Each structure stands twice: as structure tokens, then as C-alpha cells.
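Following the hints, put chain Z in place on chain S, whose structure we already have.
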Amino acid sequence: MKYKDKEATRPYIAGIAYHAARWILGVVFIYAGIHKILDPAAFARAVHLYQILPDGLVNLVALVLPWVELFLGFLFVIGIWMPGAAVLSTLLFMVFMGALSYNLARGLDIGCGCFSTSPAAEAASIRTVARDGMFLVVSLYLLCATFGVAFLRGLRKRGDS
Amino acid sequence: MRNREGSPWKQALRQVSLIILIAGVVGLGVNWLRTDSLPLVGDWSVRTGTAGDTPAIPLAEAARLFSEQAALFIDARYEEDYADGHIKGALSLPWDDAVRTRFLKIAGAIPPDRVIITYCDGETCHLSHDLAVFLREKGFKEVRELVNGWTVWRDAGLPVESGNGPPP
Numbered sequence: 001m002k003y004k005d006k007e008a009t010r011p012y013i014a015g016i017a018y019h020a021a022r023w024i025l026g027v028v029f030i031y032a033g034i035h036k037i038l039d040p041a042a043f044a045r046a047v048h049l050y051q052i053l054p055d056g057l058v059n060l061v062a063l064v065l066p067w068v069e070l071f072l073g074f075l076f077v078i079g080i081w082m083p084g085a086a087v088l089s090t091l092l093f094m095v096f097m098g099a100l101s102y103n104l105a106r107g108l109d110i111g112c113g114c115f116s117t118s119p120a121a122e123a124a125s126i127r128t129v130a131r132d133g134m135f136l137v138v139s140l141y142l143l144c145a146t147f148g149v150a151f152l153r154g155l156r157k158r159g160d161s
Numbered sequence: 162m163r164n165r166e167g168s169p170w171k172q173a174l175r176q177v178s179l180i181i182l183i184a185g186v187v188g189l190g191v192n193w194l195r196t197d198s199l200p201l202v203g204d205w206s207v208r209t210g211t212a213g214d215t216p217a218i219p220l221a222e223a224a225r226l227f228s229e230q231a232a233l234f235i236d237a238r239y240e241e242d243y244a245d246g247h248i249k250g251a252l253s254l255p256w257d258d259a260v261r262t263r264f265l266k267i268a269g270a271i272p273p274d275r276v277i278i279t280y281c282d283g284e285t286c287h288l289s290h291d292l293a294v295f296l297r298e299k300g301f302k303e304v305r306e307l308v309n310g311w312t313v314w315r316d317a318g319l320p321v322e323s324g325n326g327p328p329p
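The listed protein sequences correspond, in order, to chains S and Z. All letters in the first sequence, in the order written, are residues 1 to 161 by this note's numbering. All letters in the second sequence, in the order written, are residues 162 to 329 by this note's numbering.
If you are wondering where the hints come from, they were derived from the structure by calculation, not from laboratory data. A hint or two may mislead.
Over 12 Å on every C-beta distance to chain S, these chain Z residues come out as not near it, computed from the model [said to hold, decoys possible]:
1. K171
2. A173
3. S178
4. R195
5. E241
6. D245
7. G246
8. D257
9. R263
10. K266
11. I271
12. G318
13. V321
14. S323
Derived SDA-like pairs: lysine to any residue, alpha-carbon spacing no greater than 25 Å straight-line [unchecked claim]:
15. Z:K171 / S:A130
16. Z:K171 / S:Y141
17. Z:K302 / S:L53
18. Z:K171 / S:L91
19. Z:K171 / S:L53
20. Z:K249 / Z:L265
21. Z:K302 / S:I52
22. Z:K171 / S:V64
23. Z:K171 / S:L143
24. Z:K171 / S:V95
25. Z:K171 / S:A145
26. Z:K302 / S:Y50
27. Z:K302 / S:G56
28. Z:K171 / S:C144
29. Z:K299 / S:G56
30. Z:K171 / S:V77
31. Z:K302 / S:P54
32. Z:K171 / S:Y18
33. Z:K171 / S:L136
34. Z:K171 / S:V138
35. Z:K299 / S:Q51
36. Z:K171 / S:P54
37. Z:K171 / S:V137
Small disclaimer: the values here were computed from a predicted structure and weren't measured. Here a beta-carbon is modelled for each residue, glycine too, at the ideal position from N, C-alpha and C.
The shape of chain S in the complex, shown without the other chains (with noise of 0.2 Å):
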């Protein structure tokens, strides 16, 4: 009782900032997918110019990852399977990231393909692999943030009995 008084404004801030990441990324992530969903081909299309993947997975990839990105948004937004989902779009963003960065590195010239695959969509940039360094850094929080509680959960549960 006396730990709930002391720490009552701490867990608020951190519930705020739990709700605020959750929906941040589920907006993104619905947002991201819904445009690829639209547009499979052109998708394909960008994902084949990352020249990363072998050709025969470019198709599967490109017709599955933006239903992941979806449905990952809508569990985000509604709140449920949270470490599933905070794991998956950590390593989403770390594969988003480390794509983006080889490619600005060898010099291809490419579009980022994140959330337009129009011929005018902006192109792969320092600036777009910051922005996915953000998003992953949210993703991180949530992360940590999901499997704290749940590891407090578990403590609680093990005083309990």
C-alpha cells in the first residue's frame, strides 16, 4: 500500500506513455500496409529493387509483409497480443533499417518503398532510415515496456502463492 502512494504518479506517466507508443505504431503500421495491400505489384516492384532478397521470395514477401504490417497495426491500436506484436515490429524496424542502410551504402539509388510505392514516392534516404530509427526506438520502449509488466505480473503471481 504504502509503495502504491509513494510511486502513485510514476506508473501514470508510464501508462500515458504505453498508450501513446502503442497507437503511434498502429497507426503507422495500418497506414504502411494499407498503401502495399492496394498496389501489390508495385510493391514487389520495390521490394525486387532492394535487390536483397532472392527473386523467388520477392512475390511471397511482397504479398504477405504488408497483411503483417495490418494486422500488426490493428493488435497495436486494440491493444492485444502485445509481445508478440512489440517483438515483431522490433525486428520489422531492425530489418527495415539494416535494408535501407545497405543500400544507401552501395549506392543504389532506390525508393524506400515504406509507405508509397508510386514512381514518385520518396526516395531511400538518410532521412528515412532516421525515421525508422525512431519508430524503432518507440518500438523498443514498447517492448520493454510490455515485458516489464509482464514480468512484474509474473513476480506478483509468484508472491501470491
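Frame of chain S; chain Z shown alone:
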């Protein structure tokens, strides 16, 4: 007790697998229902002479080959775009229905081992890619693709020219 501490990770792993599984089923299902569905394994190959060689060429390498006059540039855009401006010395071979007839006119002058760099404009423009596949099928061994070629070339201040170019 160990089991309980390990459980969030196990739970996460199970959820990650389920998310990918559901997305996979929905994604492939929707693709199957679409009238313009993508093949599951697409043909993206532009086979270049050496294995492991990437079809796309970085701008720096294309510029080097240009200055050494070691490559032939082929413009896959429409004739009007070509006339408005193109890479200096590039040939025009628009990727359209008439590409085969036009190709026959210029093919004789190109040795089969010549490095060819195709380009069009825009990061997701696929004309140059399709043209590269076509040229490769026609027996040219070193066909590369300069992605978003016209824009990156012009922005880099590399030599350009306009007009209808050399007669075929």
C-alpha cells in the same frame, strides 16, 4: 518458477508465429481472389554474365563506364522523353509494342559482349528492367540497369544531350 519467468517470451513467440501465419493465409488468399493476382514466384531475373552479379548498377560505376566509353546506354522511355533529354550518346529503344522492330534496326551495330546499361526514369519505373530482360534474352551478356537512371544522371550533373540522337 523458471517456467513462469520464461513464459512471456514463449507467449510472444507463439503470437509472432500466429501473426505471420494469419497474415500469410489472408495475403495469399486475397491475392488468389484478385483478378490481377501476382504469381507466387515472379520472374525478376536479369541474368548477367557472371553469377552473383547484380542487375542494377550503382551510379558511380555507370559514370565510370561512361567516361571510359566502355558501355552503351539504352533509353527505355518514350521517344518524346528521349528527345527532351537523355544520357549523352544513349540510344533510344522505347519499351513498347514496336520494340522488336526497332531492336532489329540497331542490334546489328552492337557487339554481343558490349556492356549495355538500360535506364528509364522514376525509382519504380520497370521499363528499363523489362528491356534488360529482353536484351539478355537476345543474347547480350552484360546487361545492367541504372535504376531511376535519367533523374540520378541529370542530378549528378553528368553529360546529357537532347534531340533525336544518332540515326539508327
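For a C-alpha distance cap of 25 Å, please report whether K171 (chain Z) and L91 (chain S) respect it. 16 Å, holds
Between K171 (chain Z) and V64 (chain S), is the straight-line Cα distance small enough, at 25 Å or below? 23 Å, holds
Quickly compare the C-alpha distance for K302 (chain Z) and P54 (chain S) to 25 Å and report which way the hint goes. The hint holds at about 21 Å.
Can the restraint linking K171 (chain Z) and V77 (chain S) be considered satisfied, given a maximum Cα separation of 25 Å? 22 Å, holds
What's the verdict on K171 (chain Z) and L53 (chain S), does the C-alpha distance respect the 25 Å limit or exceed it? 28 Å, violated
When you check the alpha-carbon spacing of K302 (chain Z) and G56 (chain S), does it fall within 25 Å? 22 Å, holds
Closest CB-CB distance from S323 (chain Z) to chain S, is it above 12 Å? 22 Å, holds
A cut-off of 12 Å on Cβ-Cβ distance, and K171 (chain Z) was said to be off the interface with chain S. Does that hold? Violated: least Cβ distance 9 Å, not greater than 12 Å.
Please work out if K171 (chain Z) and A145 (chain S) have their alpha carbons no farther apart than 25 Å. This hinted pair holds, its Cα atoms lying about 17 Å apart.
Is the straight-line distance between the alpha-carbon of K302 (chain Z) and that of L53 (chain S) 25 Å or less? Answer holds: K302 (chain Z) to L53 (chain S) is near 23 Å, not above 25 Å.
K249 (chain Z) paired with L265 (chain Z) [C-alpha distance capped at 25 Å]: 22 Å, holds
Verify the proposed pairing of K299 (chain Z) with Q51 (chain S), using a straight-line Cα cut of 25 Å. 23 Å, holds
Consistency note: the structure conflicts with the earlier hints numbered 1, 2, 3, 4, 15, 19 and 36.
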